[in-house]
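Position chain B against the provided structure of chain A, taking the given hints into account.
Number of protein chains: 2
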Amino acid sequence: MTEANYEARRAKLLKKFRECGIDSFLISSVSNVRYLTGFTGDSSWLFLSPGLTVILSDTRYETQLSTECPHIRTEIRDAASTILDLAARIVGASGVRQTGFEAEHLSWATHRLLKESVDAASTGTLVPVSGLVERQREVKDRFELEQIRDAIHVAERGIAVVRSSLRPAQTETEIRYLLESAMRDFGAIGPAFEPIIGVGPTAALPHAHAGKRTVAEHPVLLIDWGATNIHGYRSDLTRVFLTGKPTKHIERVYQTVLAAQKAAIAAIRPGAKCADVDKIARGMIDVAGFGKFFGHGLGHGFGLDIHESLRMSPLSGQVFEPGMVVTVEPGVYLPGKFGVRIEDDILVTQDGCEILTKVPREFEEAFVGFLA
Amino acid sequence: MTEANYEARRAKLLKKFRECGIDSFLISSVSNVRYLTGFTGDSSWLFLSPGLTVILSDTRYETQLSTECPHIRTEIRDAASTILDLAARIVGASGVRQTGFEAEHLSWATHRLLKESVDAASTGTLVPVSGLVERQREVKDRFELEQIRDAIHVAERGIAVVRSSLRPAQTETEIRYLLESAMRDFGAIGPAFEPIIGVGPTAALPHAHAGKRTVAEHPVLLIDWGATNIHGYRSDLTRVFLTGKPTKHIERVYQTVLAAQKAAIAAIRPGAKCADVDKIARGMIDVAGFGKFFGHGLGHGFGLDIHESLRMSPLSGQVFEPGMVVTVEPGVYLPGKFGVRIEDDILVTQDGCEILTKVPREFEEAFVGFLA
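Taken in order, these protein sequences are the chains called A and B.
When we follow the numbering used here, the leftmost residue of the first sequence carries the number 206, and every step to the right adds one.
When we follow the numbering used here, the leftmost residue of the second sequence carries the number 206, and every step to the right adds one.
No lab work stands behind these hints: they were computed from the structure.
As the structure is a prediction and not an experimental result, all values here were calculated from the model.
Be careful, since some hints might not be right.
Chain copies aren't distinguished; within one or between two, either way the pair holds.
Heads up, simulated EDC-like pairs for lysine to aspartate or glutamate below, C-alpha to C-alpha not over 20 angstroms straight-line [claimed, not checked]:
1. 320 x 309
2. 542 x 267
3. 497 x 267
4. 497 x 283
If we strip away everything but chain A, and leave its shape as in the complex, we get (with noise of 0.2 angstroms):
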């Protein structure tokens, strides 16, 4: 990424201001400030107008934006002052009339701060703006895609690792810090998420810490997990391992599930209404007998964020466009027993979609070789 690339992303936000009504934006999400700047750092915003790029920013983090952001002007205030200060001044000094604020990211509070102190540099105000920045980031560019695959390449290569070293008496948590260390060996700066390893019982619940359990516990190993690469961009995926002898239940709930993904998968493409794919595995998973067992939605979108606005699922009013990437993750989670999901991750192509994670799905390729 040059300093051109993200002026161009500037550029394509600047275009969207005359139908938000506003003359500028204040920028406040550490995300959106990363994509439109390069600023890799927190606590700091972005105010953009057609004539003037600042980031608001304190000491701390002086020396990183002049790395970092050599070409934008930066104002640093001290342990004296706020951003709010900051941010009325430059709204006061630049003149402009309706400043949009990211309505999603600014708490109640802050935005009455910040009213406050605008009201009293300026005669503008404030207007609230949604998801403008999330939407231009719901469709990647080149640059995008390929730290997606990078992450997601780290990932499957961090999981090969842990299902070849698997062992009857392994820990949750000693396969989640194996997963981790393993990923950051291949280059990840860290996991996108914290790895979800749960074992039978564990497996069932959605959002599960990894623990004691060990692998010989119960046949079904569920992991869900993903890279954050170099430059920030993550993967997520979902595999369920099977360790032992599965029972048949397990093999309809496994088969269910992966036929429901793919079935969704198959709808994906531009055009196709988010909701529209999410009934697809919901209605199969429902006439399978399990529809009460899956409570989330189909899957979101991912990239800076391991969960960004693009979203499957029964209220969802979302559209698929060619450059999207969007998770399937389909799940069935029978309390106290045991749950099956299968996740990848999926860019919507011009006629389609692509598949781009290849970890192994099917049931067969679910079983791990020691126990053979």
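Coordinates of chain B only, in the frame set by chain A:
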């Protein structure tokens, strides 16, 4: 912690409702929900009124809630509804008139949606409430102090491993991973935050990411680290280790920071103003000629979160009370050269304070043996 302890925390909170002008409270901060209920998941809200305690969550957490909060009523949504629907239904059904919301934790946009839902379901109103649970959390109870001491103990054992194994060719990143791994071996569920490991010029970036500099590159090695213990409580320390022969300039900066830290700590007692304690350290660093190289606040509360509401800075209006826990962490950062920060964790006692952290901090004690 027993359910009776959590109930006592909620009872204490309920007593503040009248002065806030509320008869019920929707608590949306993950840490505040955990503090009041023991629930360790996220995406869940707590509704609290004198007659009703309900956790609003979704199917992902159904089993976990039944284990962690068996005595608290839960309302579980599926993928076809939102937490706002749940919240509005409960506000409507319970007949409350003035429902508080957490003004710092609800985004502007979520507040607007919540207001629409509540307006449709009841004649009650939403009232912004600022920092109510946070103020209660500023003073730690016995259980919390035990956990913080434990998190400090784990962090101190971890740094002893790192210090004893320092080698000239080690990179900042290698040190980071060794430290995280050592703390886990001693019982941490993870670091309290991404550890900052900075050699020389990297130490001059207060929020640096560990990178590829090696220990041999510069005599100054700054480590800012902490552990999260099994109950979610954190610790936060910083030390500078001297891995080679320091210049007189390094010694002068180190002694300036250390003297400022000691003077500030000596001033902490019930009734002392946070801004005054900040001023003591800031003034000493200023007099020594390094004022413009210390741009952040002197310290912050911590516990379940690494940054809690108690702040020592020129802007703070807070006053110390017995049971508060706070970091004291002055620093001097010389861009392109090196930085020194020394940070300890302090408990405010009945008649003064106790330094909870015991890692040696004298200049002579900062020397690492391998070059001796």
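Next on the checklist: For residue 497 and residue 283, with the copy left unspecified, which applies at a CA distance of at most 20 angstroms: within, between, both, or neither?
Outcome noted: between (54 angstroms within a copy, 9 angstroms between copies)
Item to check | Within, between, both or neither: residue 320, residue 309 at alpha-carbon 20 angstroms | outcome: Both ways: residue 320 and residue 309 sit 16 angstroms apart in one copy and 15 angstroms across, limit 20 angstroms.
Next on the checklist: I want to check one pair: residue 542 and residue 267. Are their C-alpha atoms no more than 20 angstroms apart within a copy, between two copies, both, or neither?
Outcome noted: between (53 angstroms within a copy, 14 angstroms between copies)
Item to check | Intra- versus inter-subunit Cα pairing at 20 angstroms for residue 497 with residue 267 | outcome: For residue 497 and residue 267, the Cα distance is within 20 angstroms only across copies (12 angstroms; inside one copy 52 angstroms).
Going down the numbered hints, you'll see the structure goes against none, and every one checks out.
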